[in-house]
Amino acid sequence: MTQVRTVSLPQDLCAEAERQFGSRFDNFEALLTFVLQEITKVDASLLDQAEQQIIEQRLKDLGYL
Amino acid sequence: MKPRSLVLVTVDCLRADHVGFLGYSRPVTPFLDSLAAESFVVPNAIVGGVPTYYSFPAILASRYPLAMGRDLVGLVPDEVSLPSYLKQSGYMTASFVAANPYVSRKFGYGQAFDTFCDFLDQEMAAEATFYSKQSRTFRAVLNRSIERLSRNLGPVGTLYDELYFRYCQLAGPSVQSLDSLRPFPSADAIVDRALEWVGSVCPSPFFLWLHLMDPHAPYYPAEEALRAIGATAVSPSRARYLNSYWNRRDLGSNRLRSLRDAVIELYDGSIRWVDMQMARLVDTLKGLQVWDQSALVFTADHGEEFLEHGARFHGPWTMKEELIRVPLLVRVPGVFGREVSKKPFSHLDLAPTLLHALDLAVPREFQGRSDWGEWNRREGWERPAVVESTECINPDQPEDRLASRVLCIRDSRYKLILRFGCGQEQLFDLHSDPSEMAPLPADIEKPVRRRLLEYARRHIEGAQRIDSRKHRLRARSRELRIVLSKSAPAD
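Just so you know, the sequences run in chain order A and B. For the first sequence, position 48 (counting from the first letter as 1) is numbered 38 according to this note's numbering, and the numbering increases by one without interruption. For the second sequence, position 61 (counting from the first letter as 1) is numbered 42 according to this note's numbering, and the numbering increases by one without interruption.
It is possible that some hints are incorrect.
Stretch by stretch, here's where chain A covers chain B in the computed footprint (C-beta under 8 Å, at least three residues) [claimed, not checked]:
1) 379 to 385
2) 397 to 406
3) 422 to 431
4) 438 to 444
5) 452 to 460
No wet-lab data here; the hints were simulated from the structure. Heads up, the beta-carbon is just placed ideally off N, CA and C, and yes, glycines get one too.
I would like the entire structure built from these sequences, with the hints used as guidance.
Pasting the structure below:
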């Protein structure tokens, strides 16, 4: 099983989030897990780095780096 | 006299070489041509990205489209933009967008406008119902099954495509007018709403942004506009046929080319309709006594391809001139306009230049710079325009946005296009090859190639230095909110 971590959040914020979106999830932890998964699953900066390396390689091939 | 108000008109899919003031011979823009005589005309205005969703961050927020990460499309929550800055400076702000979902509230374009109307609720609801009903009929399901089967039978698949296309033309519902075929609100409807709003706010200073969709495919111009350009009369069913044929994915460019001129005539008719509505807009502003205190900007988010390089419409990967070069006309009261330098002028610099013309400071968040001084002194500038996109053609889901970058560095003479996904690198000499038909061999113009490659490298490096984490989190939260309020997540 994945290890878990306990966090402390403002009670009223949790209540409001549950009120707005809670009915779609089994419990509040599932809602929070979904939100965190969604905001962390994309890392576009890796693509920028890879493309920069392609240009640098091209400049090297041309004898400029 | 500094203008008190600003009117920005953007037109979807309008290429620079299809307006009279930049040399087009067909009479599509007589009103704008007359306005050009008292305006700054930018002969080489270059968009920040193609298509719409990669173009508008440069126009409205003076920001490269991938600068905050390519998973982020549109304006981010609370981003400093032309409308937000003008609103903060005391302007009333309004936008009327002809139902383009990529410049809707969902992508952050509603923020900073006192009035924002994207015409999407009624339009999209009607369209969604229509397609959802169509896709569930017995005939639709049967057709899809036969199509799948025919794909496995070699030449039979081609025959099926042809027969099915002809069947659709015969079996489609009869149409009474070109107007009934148009999927977007036309320019007259947008201008009507905009003028109503101007009437309600003047004499306060205002910023008004209109986005017109008339030249966007499918091309269904007003009949009056077709007559005005002397086009062949076209029945609604013929126009539908032309558009359906032009949209076929199963045909090569040789067969499509047979109808190219007829399709372009429809496209040009749509441009003429825009021109007629621009005339009406300006006439009414004059009647409201605000024209003499208002600057007007007319431009496009990108151009359109008509098989010049084998493609149609406006995909994000070719970066050819017909896509990245757009009309740009800026009329400022009290300033005698003129044609500005032929150097490429990036849309990134448009908002700073306009703020300068309005005698306002340029926000430090803007990546572009003002060329207002150069325009007035008839001087040029020495920096290339950068156009960037990815090969993503449906940016609705963040995962789909993680496509390979397409980057174009264009200076006065040379143009480098990099397609990272397929490793393609093309360098064109626009002086000797303005149609971009033959990229230069790799061993020719090496110093030029080096200079533009280094510019490309610095551009990508610069994007990585921007700390956009807070903005990205806000933007993702906005999208997440939409996801959460629509459907249950997958377990």
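Going down the list of hints, with the structure as the test:
1. 379 to 385: holds (count 5)
2. 397 to 406: holds (count 4)
3. 422 to 431: Since 3 is at least three, the answer is holds.
4. 438 to 444: holds (count 4)
5. 452 to 460: holds (count 3)
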